[in-house]
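As given, the protein sequences belong to chains A and B, one line each in that order. Position 37 of the first sequence, counted from 1, bears residue number 36 in numbering that gives the first Met the number 0, the numbering being contiguous throughout. Position 215 of the second sequence, counted from 1, bears residue number 214 in numbering that gives the first Met the number 0, the numbering being contiguous throughout.
Honestly, I wouldn't trust all of these hints.
Stated by the list, open to error - Per the computed footprint, the stretches of chain A lying under chain B, defined by three or more beta-carbons under 8 Å from a beta-carbon of chain B, are:
1. 96 to 105
2. 120 to 128
3. 293 to 303
4. 307 to 320
5. 339 to 346
6. 401 to 407
Worth flagging that the hints you see were computed from the coordinates, not collected in a lab. Here a beta-carbon is modelled for each residue, glycine too, at the ideal position from N, C-alpha and C.
Spelled out, the chains give:
2 protein chains.
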Amino acid sequence: MVCDMANISFIDGGITAPKGFLASGVHCGIKNRKKDIALLGSESECNASALYTTNKVKAAPLIVTQRNLSKGKACGAVINSGLANALTGQKGLKDAEEMADLAGFALNCSPEKIIVSSTGMIGKYLPMDKIRAGIQAARGNLGSSRRNGHDAALAIMTTDTVPKEAAVVTTLEDGTRITIGGMAKGSGMISPELKKWHATALTFISTDAAISTGTLNKLLESSVDLSLNMLNIDGDRSTNDMAVILANGKAGNKEMTKVDANFNAALTAILQSLTQQLARDGEGAKKRIEVKIKGAKNTEQARVAARAVVMSNLVKCAIFGEDPNFGRIVTAIGASGADIDAEKVSLRLLSEYGSVDLMSEGNLLALVDDKTYKHARQLLQSPLVKIEVDMKMGTGMAIAWGCDMTYDYVKINSEYTT
Amino acid sequence: MVCDMANISFIDGGITAPKGFLASGVHCGIKNRKKDIALLGSESECNASALYTTNKVKAAPLIVTQRNLSKGKACGAVINSGLANALTGQKGLKDAEEMADLAGFALNCSPEKIIVSSTGMIGKYLPMDKIRAGIQAARGNLGSSRRNGHDAALAIMTTDTVPKEAAVVTTLEDGTRITIGGMAKGSGMISPELKKWHATALTFISTDAAISTGTLNKLLESSVDLSLNMLNIDGDRSTNDMAVILANGKAGNKEMTKVDANFNAALTAILQSLTQQLARDGEGAKKRIEVKIKGAKNTEQARVAARAVVMSNLVKCAIFGEDPNFGRIVTAIGASGADIDAEKVSLRLLSEYGSVDLMSEGNLLALVDDKTYKHARQLLQSPLVKIEVDMKMGTGMAIAWGCDMTYDYVKINSEYTT
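Pulled out of the complex, with its shape left as it was, chain A reads as follows:
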């Protein structure tokens, strides 16, 4: 869970930080004036792994991508924002296939090695004339600079207000210095499911490490479980979510065929960074919430409880209102199905302004002490609020991320067809 940060350095940059990755982002006219097409390529073929939404309604690009990645090989990705190409039937599938064709041509590789991804409004056909011109323009802008990666991160945004990027370097157990880069988008309709092999939000990870597809699968699954799968913005689960990792081997290490602890820690760190960036930019969010459950009966129960707290509309509203309503937190855990004994629970709030215990082994400190309540209110003025709950039932531990619920969340989702 905790990364050995001694061996991991975050560096400036994003998806183009590792050797041999090219990217671009352009405006083709799906969205109004903003970038809406991203291309991502690698100088050499990559081993690839991906996780997909558990929503039973899957968008066309996911169906094409799942088929294309069935052999674990990819050379690049094409992503459009503005429209999701979901609920678009046979025409949607044909459009997603054409995007793969066009991107394959642009990246000089087989269309069957292209990842296709779309995000935006559900239930409208893609304007393929614009997409065709857009992919051609994106091809002309491909490059490996930090700026190129940034353009791609901008082009995949929907209601996001800022792009999400991160890059880390680490040293493998065999001594090779490698780099991992990443970009992500998503600010609404975000509620990953815990099932294995499924993930959420649009997240792309590149690395110059050489890693077998089987090991990539394992690494992605376990890291996503500790990051994206513990993120919740609004309880709604998208038809289009995917998380992808591409490994092109340019770092020159001997191909990794079992999990390298350092790489694993670095991958988890970059995914947690992107997850926190997504939480901070949740639709309408004013505050980021981090919930740590410890002392749960087991890890699964800790995960369920942590997710229940960040998912509770009432907790989210209370945090927005800077109201230390600890009853809602304990109630959310109780409703989650995780075992809880209210007589044992300890609950602490933390922020940059200090920390305050609201419950201590079942004692309702906040009940008896008005000073505690006032201190808690003060603490909640921070843009990052941490909630720590000790269930005192076992050793299960988990962290989940989310954001508060604000007037702007309602505004964004009632005034704008997304």
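Chain B: place on chain A using the hints.
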């Protein structure tokens, strides 16, 4: 599912409509100036059945009530609003027991036959001096008039803006004319779970029919499954929810020992009426939403899908914004786990302003026709919006109720410690 309304008449009144029930509601000072203590009594001992929240954190009054109802007998109930007596440990239990003692004295029956119920803010001790005086005052005001029932319905409100009451008369299969009365409260923290023998919101049903406890249990369970258990306001599940039915036998029928179809239909009708009243008064709600799923693989999948739609924050925001965003509806069903084939689904919106098909067997009518979209927007201006989805996979059918998500929902839950 559908009641044979021919044999059921809704009449004015509430919990005191059936013969032999007394009620009162008074202000004792837990809430600011509003009524906050209700007493409910029966002239003779009742057979009783109750369902409780599935939240693993259960409020003190639920623990006392479960114990008191273990023999299926009750003579009355005491309910306070303003404070939930939840997360209040041993002191809370003692307070709930004292409430039973005081109500037993007031109703002239054993404290072990008293239902105790509390609703309001979690995590504060009850002001027992006020409660003692309140129960005494409530005793002085007991009566069987419609006004007395109305006072009780007012006294159990929290963030509710209007009391919820209903009464029906029907004729049993043996020809006896009987009456059922009811009152309910709840406008936030409402998300019942489907498990058997558990229910949600505070709901009290009285009837003068004679019914064995075993049959009462069956009747309550099946009717709650078609009403309260299909209600969702905000996805949060309370620590204090209960649904109670009391049958005092004053109608003079031979004790019902198996389910009487007419009684069952009448009970379902009154519970559905209360459920719809709760949905209409959901925290901040401007519009009520009714979702009917048909053609699901089976009933359970229909229930899961219907509940997923009324639970989706994004659907709720779209309805508030009068935006016919059908993609969010289909996405919510897809995420629910119910089987769905997007190529088969039909989706229709209905309101007092007419009806409009947005999807027809997978064809996206709303996509191709701007007139359809405009008509849908117009239709959504109604305070009651119905969504009908035909999954075309089987014969499963279910209806769920909820409300839109508005700025006021955020306001109520961020500005006010509830």
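Are 3 or more residues of the region 293 to 303 of chain A near chain B, judged by a Cβ distance of less than 8 Å? This one is violated; 0 residues, fewer than the three required, reach chain B with a Cβ under 8 Å.
Against chain B, does the region 96 to 105 of chain A show at least 3 residues with beta-carbon separation below 8 Å? The restraint on the region 96 to 105 of chain A is violated, since only 0 of its residues have a Cβ under 8 Å from chain B and three are required.
Is the coverage entry for the region 120 to 128 of chain A by chain B consistent with the three-residue Cβ rule at 8 Å? Answer holds; 5 residues pass the 8 Å Cβ test.
Is the listed coverage of the region 339 to 346 of chain A by chain B valid when you require three or more residues with a beta carbon under 8 Å from a beta carbon of that chain? With 3 residues close enough to chain B, the hint holds.
Cut-off 8 Å, C-beta pairs, minimum 3 residues; does the coverage of the region 307 to 320 of chain A by chain B stand? holds (count 8)
Are there three or more residues in the region 401 to 407 of chain A whose C-beta lies closer than 8 Å to some C-beta of chain B? This one holds; 3 residues, not fewer than the three required, reach chain B with a Cβ under 8 Å.
Checked against the numbered hints given earlier, the structure breaks hints 1, 3 and satisfies all the rest.
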